[in-house]
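Q: Chain residues, written in single-letter form:
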Amino acid sequence: MYSQGLIGADGSTHEDAAFLEAFQKRVDAELKIEPNDPMPAGYRKTLVRQIAQHAHSEIVGMLPEGNWITRAPTLRRKAALLAKVQDEGGHGLYLYSAAETLGVSREELVDQLLSGKAKYSSIFNYPAITWADIGTIGWLVDGAAIMNQIPLCRCSFGPYARAMIRVCKEESFHQRQGYEIMLTLCKGSEEQKAMAQDALDRWWWPSLMMFGPHDADSTHSDQSMAWKIKRFTNDELRQKFIDATVPQAEFLGLTMPDPDLKWNEQKGGYDHGEIDWDEFWRVVKGDGICNRDRMKARRKAHDDNAWVREAALAYAEKTAARETAVAAE
Amino acid sequence: MPNADLKPETLFKYVLRLADDQLILGQRLGEWCGHAPTLEEELALANIGLDLLGQARSLYSYAGEIEGKGRGEDDLAFLRPEREYLNALLVEQPNGDFAVTIVRQVFHAAFMVPFWRAMTASSDETLAAIAAKSLKEVEYHLRHSSEWLIRLGDGTQESHRRSQDALEELWGYASELFEMDALAEEILDCGIAVDAAALKAEWDATVNAVLERAALTRPADSWSQSGGRSGRHSEHLGHILSELQYMQRTYPGLSW
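Those protein sequence lines, which keep their order, are chains L and Y. What the first sequence shows, in this note's numbering, is residues 354 to 682, in sequence order. What the second sequence shows, in this note's numbering, is residues 2 to 257, in sequence order.
Derived from the structure by calculation, the hints contain no laboratory data. Hints may be right or wrong, so weigh each one.
Covered stretches of chain Y (chain L as the covering partner; in silico rule of three or more C-beta atoms under 8 Å from a C-beta of chain L) [said to hold, decoys possible]:
id, segment
1, 28 to 40
2, 242 to 251
Here are some chain Y residues the structure puts well away from chain L; computed CB gaps all over 10 Å [as the list claims (entries may be wrong)]:
id, residue
3, 11
4, 69
5, 81
6, 83
7, 95
8, 122
9, 126
10, 129
11, 173
12, 201
13, 232
In this text, all values refer to a predicted model and were calculated from it rather than measured experimentally. For every residue, glycine included, the Cβ atom is placed at its ideal position computed from N, Cα and C.
The following block holds chain L by itself, in its conformation from the complex (with noise of 0.2 Å):
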């Protein structure tokens, strides 16, 4: 998902020539950019981008999953989840300390998810209706991101790839617990079952569309290519994410919803229909169903506890000059 990070991206900088290959030499080398090394703007600015995206969709992600956790059908259930949501917010706390090495606030950060200045993954603006829905997220929505995480791991700035490797780590986690939601389902009852399918009806276009635009259309790519940033195109990891779950949805007995679906012996991976781009840009663009309620259940979070935050901030302060009080005695 976090591909997305990279749409509109602009790495455009302004170092001269001699900086540039002095940089380009240490990411070649694979050596890690840590966050007080020189670096170019652009790649600065590309960072921020997309880590910031990323501990958004980490975030607003929290929202469908939180749909579920009064309702989870067991009390294991309701504690995985709870676990899980978490987790997500654990990676998001991860992130925005990522992002603030390279000198951005998590207040600039959040002020800019909340005016609707930054994104965070089309993916979370799809409804959770069914308790399904929920192991459908953490089959392929988890298993999505961690394809795309995976070589994040790799990535040549330090914070970020040592926040990836954790996060993977507990990702893979919570895909294989969506995929035992989903096999629990497939074993059970007609309804069930029925109840499975239809989430993945819904979900599966969605997970495709994380990885972001076809190569063709993907702009700035080749630059963060170069950077390491990102190691792998759009369309690589979308196969490889089609070739990984497909025979999981076999396994399930589920049928996936693309006609067009067929393995190819040649290329080595399935071929698959068109996706809905139009639907994939009005999503991204503010227009999917969830969207409005997204933004506006993180601004009324925001809003609605303003008091508390500063509450916390007016007593640091009194204590500080309590403190202070006292040393003059």
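Guided by the hints, dock chain Y onto chain L, whose structure is given.
A: For chain Y alone, kept in the frame of chain L given last:
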């Protein structure tokens, strides 16, 4: 079971009361997901909710064993109607603003810390073991919620007003925690239960100390409500259960 005279259904009910308190409060905290004041607090509320849910699960499983009718944690949580739910009224009160949630948590944790500590000495080994694990958890809940209440009380004028309002709103629900009825007394006599009434002094001391640091005023004991322990609830519980039990009620008898 340490005492042959003690009827299993008596102990069953006692354990259910305890389980229901933790489940319902955990469910309330789960409602905060995605809506908390800060990201750190989002994680803390989910974490506390998860602890409570874990405690409830151990207690329900044990209650099911005591009952001996083959009911497990999910049967007890999802298939009992509201009149059979035995939680204290405090934990079913709505989240309100963050001050209400924090005051509710302080009241609950300030009670559960001495409760679980006393329960570690129970002659019932299962309850003693659950108590030992839960004690560590609620000590953190108490620290967390107290530190927040101090910040809210001694923060801004608005946060002070909101937390004083929250105290007044919930004060009357605290006394139910200390009630000892015939059932609780019977189990206390067997060396299993905790004398909840005896915990009031420690609760008072804990809460008073927090209120003092928070520059908040302890409300007068002018009203109190109870009934939860015998299944007489406020109107809130029915709505909690309609969400909690939705799946099991809509699709009875399936595995999830």
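Q: Beyond 10 Å from chain L, beta-carbon-wise, is residue 81 (chain Y)?
A: Answer for residue 81 (chain Y): holds, closest chain L Cβ roughly 13 Å.
Q: May I ask you to check that residue 122 (chain Y) keeps its beta-carbon over 10 Å from the closest beta-carbon of chain L?
A: holds, 28 Å
Q: Can we confirm that no CB of chain L comes within 10 Å of the CB of residue 173 (chain Y)?
A: About 25 Å separates residue 173 (chain Y) from the closest Cβ of chain L, which puts it past 10 Å; holds.
Q: So residue 69 (chain Y) supposedly isn't at the interface. Is its beta-carbon more than 10 Å from every beta-carbon in chain L?
A: holds, 20 Å
Q: So residue 83 (chain Y) supposedly isn't at the interface. Is its beta-carbon more than 10 Å from every beta-carbon in chain L?
A: holds, 16 Å
Q: Just double-check residue 126 (chain Y) for me: nearest Cβ-Cβ distance to chain L has to come out over 10 Å.
A: holds, 23 Å
Q: Verify the coverage statement for the segment 28 to 40 of chain Y against chain L, using a C-beta to C-beta distance below 8 Å and requiring 3 or more qualifying residues.
A: It holds: at least three residues are needed, and the segment 28 to 40 of chain Y offers 10 whose Cβ sits within less than 8 Å of chain L.
Q: Taking the closest pair, is the beta carbon of residue 95 (chain Y) still more than 10 Å from chain L?
A: Non-interface label on residue 95 (chain Y) holds, nearest chain L Cβ at 13 Å vs cutoff 10 Å.
Q: Non-interface claim for residue 232 (chain Y): all C-beta distances to chain L beyond 10 Å?
A: holds, 21 Å
Q: Quick one: see if chain L covers the segment 242 to 251 of chain Y, three-plus residues with Cβ-Cβ under 8 Å.
A: holds (count 5)
Q: Against chain L, does residue 129 (chain Y) hold up as non-interface, every C-beta pair farther apart than 10 Å?
A: Answer for residue 129 (chain Y): holds, closest chain L Cβ roughly 22 Å.
Q: Are all C-beta atoms of chain L more than 10 Å from that of residue 201 (chain Y)?
A: Consistent with the label, residue 201 (chain Y) stays out of reach of chain L, its closest Cβ about 29 Å off (over 10 Å).
Taken one by one, the earlier hints all hold for this structure without exception.
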